[in-house]
Structure formats: structure tokens, C-alpha cells
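Kindly generate the complete structure, drawing on both the sequences and the hints.
Chains as they are written, first to last, in this note's numbering: chain S, 37 to 232; chain W, 5 to 213.
Because the hints were derived from the structure by calculation, they are not lab data. Quick caveat: nothing in here was measured; it's all calculated off a predicted structure. For each residue, glycine too, the CB sits at the ideal point set by N, CA and C. Don't take every hint at face value.
Below, computed lysine-lysine pairings styled on DSS-like, alpha-carbon distance capped at 27 Å [claimed, not checked]: (1) S:208 with W:211; (2) W:47 with W:99; (3) S:208 with W:212; (4) W:47 with W:132; (5) W:75 with S:133.
Covered stretches of chain S (in silico footprint by chain W; criterion: 3 or more residues with CB under 8 Å from a CB of chain W, positions within the stretch not fixed) [unchecked claim]: (6) 159-166; (7) 218-226.
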Amino acid sequence: MDTLQVLLMGFISVVIVNNLVFTKFLGICPYLGVSGRIDMAFGMGCAVTFVVTLSGTLTWMIDNWILMPWGLEVTRYVCFILVIAGAVQLVEMYVRKFFPTLYDSFGIFLPLITTNCAILGLCLFINLWGVDNLLEAVVLSFGAGIGFTLAICIMAGIRENLNLSDVPECLKGAPITLITAGLLTLAFMGFAGMIR
Amino acid sequence: MANDKSNDVSLSRTFISGFWNENPVLRLLLGMCPTLAVTAAVKPALTMGLSVIFVLICSNIVVSLMRNLLKPHLRILMFTLAIATFVTIADLFLKAFLPEMSSTLGPYIPLIIVNCIIICRAEACASKNPIVVSIIDAVGMGGGFTITLCFLAGIRELFATGAVFEIQVLATPETGGWFVPWAAMGMPVGAFITLGLMLGLTNIISKKA
Numbered sequence: 037m038d039t040l041q042v043l044l045m046g047f048i049s050v051v052i053v054n055n056l057v058f059t060k061f062l063g064i065c066p067y068l069g070v071s072g073r074i075d076m077a078f079g080m081g082c083a084v085t086f087v088v089t090l091s092g093t094l095t096w097m098i099d100n101w102i103l104m105p106w107g108l109e110v111t112r113y114v115c116f117i118l119v120i121a122g123a124v125q126l127v128e129m130y131v132r133k134f135f136p137t138l139y140d141s142f143g144i145f146l147p148l149i150t151t152n153c154a155i156l157g158l159c160l161f162i163n164l165w166g167v168d169n170l171l172e173a174v175v176l177s178f179g180a181g182i183g184f185t186l187a188i189c190i191m192a193g194i195r196e197n198l199n200l201s202d203v204p205e206c207l208k209g210a211p212i213t214l215i216t217a218g219l220l221t222l223a224f225m226g227f228a229g230m231i232r
Numbered sequence: 005m006a007n008d009k010s011n012d013v014s015l016s017r018t019f020i021s022g023f024w025n026e027n028p029v030l031r032l033l034l035g036m037c038p039t040l041a042v043t044a045a046v047k048p049a050l051t052m053g054l055s056v057i058f059v060l061i062c063s064n065i066v067v068s069l070m071r072n073l074l075k076p077h078l079r080i081l082m083f084t085l086a087i088a089t090f091v092t093i094a095d096l097f098l099k100a101f102l103p104e105m106s107s108t109l110g111p112y113i114p115l116i117i118v119n120c121i122i123i124c125r126a127e128a129c130a131s132k133n134p135i136v137v138s139i140i141d142a143v144g145m146g147g148g149f150t151i152t153l154c155f156l157a158g159i160r161e162l163f164a165t166g167a168v169f170e171i172q173v174l175a176t177p178e179t180g181g182w183f184v185p186w187a188a189m190g191m192p193v194g195a196f197i198t199l200g201l202m203l204g205l206t207n208i209i210s211k212k213a
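Structural data, given as C-alpha cells:
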């Protein structure tokens, strides 16, 4: 396979087949917390996509060019979390400056992207999958962000309609959201085995 | 003396609240990612729970000790750095002594760093309270988390394989029994739906009580 084909396959695989939310259970907190309205969900998705692309790329570079040659793998987690915290700080300042209304509606969830498992999880998975060139790392991390956006927007769309339906009293709120997510996962399982 | 007594009462209340009133998974909806990811069987769930207890106690101690030195805007960063250090220790320990379990859990052990329970306890309890209260709180919260995890894993393992803690409870057709394993329970679907139903059940129980 030539490079382009590998990249394309990797992208589709991480967006649909190995979607972080549905198959790896990463990023569940914002997935449940911010999926109330489509516009907020989309904004969150964009912020996460940006942070994950940036930190996925940076951590790949740090891991392969600094930590591995010098045998500093022990400090891997500490370095990764520092990079992610820095990237989130950047996004937070940018959003506060240019989209103040969006900033207010996110509230606590924006700084909490630091502790979004999807981001650290992806950095670790890139390391685990043994990605060996920079371009592939960039494409995979961007794809993971798109996959997260896709998942959270679908969920927000469903939840907007769920508000109008008659849910049993005890299942209102988080429980019905989890069950819906389960059914969505079932749908996404149809893609399993399509690639690798 | 009276003061001591009320202190004891509030300590035990702190300890117990982690198990039900403020159960991190069922009530506060924290730490959902590991809850869903490692509960396909009881063994990994128990390992995960114990690792979380260890990290939670250590990070609560450290945060509690440095609570007077914290600057507001660097707070979260300091928490995560302290947590990352202890998670590295736990990860290396598992790799050395339980290599099989370590490869089953894979990246979910390092992901304890971003487990909301630990940051939430550092923020809500350890950064405001002296060291004893922080430790008690950590044990209570961690215990509540572990028990919930094991319960969820028990249900899923039973339906997915007919076994609990790898001991066959329901005989499958291969061994002449009637129970046909329900593979979906071992997959992501089972995790989401079982947890959803558990939360619903919690709502019913807490409303009656």
C-alpha cells in the first residue's frame, strides 16, 4: 500500500471503526455532560479536535525524538499530561478572547478538557499502535478528534428529541443517555472488522 | 471532649458517604471511562479499583500537605502532576508483578491520571482539609468506586460467560448446561446499558429511602 492509502485507511479506522467514544470508552464525561444541545456539542467537538491534534502531534515528537533516544520512558505520563495541559490553556485563552458567549456556556467543561481521557488516551494509543512516522500521527490524532465530534453531535441530536419523549421517571437524565449510547454503540459495531 | 466526639462522627460520615450518598460512579457520575472499560470481568475491575485506591490515597496525602502553598491558577496542574507520578508507580508495579493483568488493562492504568474522581477529591476535599480527613475520604471514595466496579463487572461477566471471578456458575452448552453466553454483555453495548439500568435502579432506591 502506498502512503496515501495507509493514511486514508488509518483516518477512516480511527473515525468510524475504532471510534474512541464507542469502542474505547474515552471521553465519556464531556460526552454525557455537554451533549445537551447540538451547537454546544459541536463547539466542544471542535475544541477537542484542536487540542487532540496538537497534543497528539507534540507528544509523538517528544516521545520519539526526546524520551526514547535518551531512555526517559518513565517520565512519559508526566510529559504527556504537561503538553496536554499547555494545549488546553491555549485553547481556553483563544476561546475566551474571540468567542466569549461560547466560553460562558462551556463553563467548567473547557478547562476540564485537560482531564478528558480521549486526549491522553489517544496519545497513549498512538504510542501503543507503534505509529512510526509523524504524518501518520498527525492524521490519526486529527481523525480521533473528528470521531469524537461525530459521536457527540449524533448524541446531542438524539437528546434534543429525547426531551420531548416520555421517559420513565427513574431513567431521566444520565441513565437514559447511557442506554442510548449503548444502542448507538450497537449501531457502530456494524462497522467493526471493516478495516483491521 | 465534646469536640472530639463530633469530630469522630464527621470522620465516619465522610468514610461512609463514599459508599452510597456520594458514591462516585452512581451518584456523582465520575470516572465513567474506567467504569465502562474494565468491567468486562471481575478480575481486571478489582485490579483497577485497587490501583485507584492507591493513587487516590497517595495523591490526597500529597495535595493535603501542600494545600497552603497552592496558587489558584496552577492548582489543577499541580494536582495532575502529583497524580501522574503515583500512577507511574502503580503502572510500573503492575508491569513487574502482574504482567498479564497489566497487558489486559493496557492504557487504562495510565488513564487513571485523568480519572475525574481523583482530581475531584483533590479539589473538593484534600486541598481544604487536614491529612487525616483526606486519607479517610480517599479510602471511602476509593472503596465505593471499587465495590461499584466489581458489582457491575460481576453482572457483565455472569451474563457474558456464565462465570463470576472465572468460576463457572451457570453451565454453558459445551459442558451440558442450558445457559447460552450472551456475548453482547462483554462488549461496549453491555457496559453502557448495564450501567444505565444500574443508575436507574439507584434512583428508585434512593427515592424510596
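Here is what the structure says about each hint:
Between residue 208 of chain S and residue 211 of chain W the alpha-carbon distance is near 13 Å, which keeps this suggested pair within the 27 Å criterion. About 16 Å separates the Cα atoms of residue 47 of chain W and residue 99 of chain W, which keeps this hinted pair within 27 Å; it holds. Our distance criterion of 27 Å between C-alpha atoms is met by residue 208 of chain S and residue 212 of chain W, whose separation comes to about 16 Å. For the proposed pair residue 47 of chain W and residue 132 of chain W, the alpha carbon gap of about 35 Å is over 27 Å, so the pair is violated.
With a CA separation close to 23 Å, the supplied pair residue 75 of chain W and residue 133 of chain S stays within the 27 Å bound. Coverage of a stretch by a chain is defined here by at least three residues with a beta carbon nearer than 8 Å to that chain's beta carbons; for the stretch 159-166 of chain S and chain W the count is 3, and the condition holds. For a cut-off of 8 Å, the count of residues in the stretch 218-226 of chain S with a CB near a CB of chain W stands at 5, and the three-residue condition holds.
Of the numbered hints stated above, the single one contradicted by the structure is hint 4.
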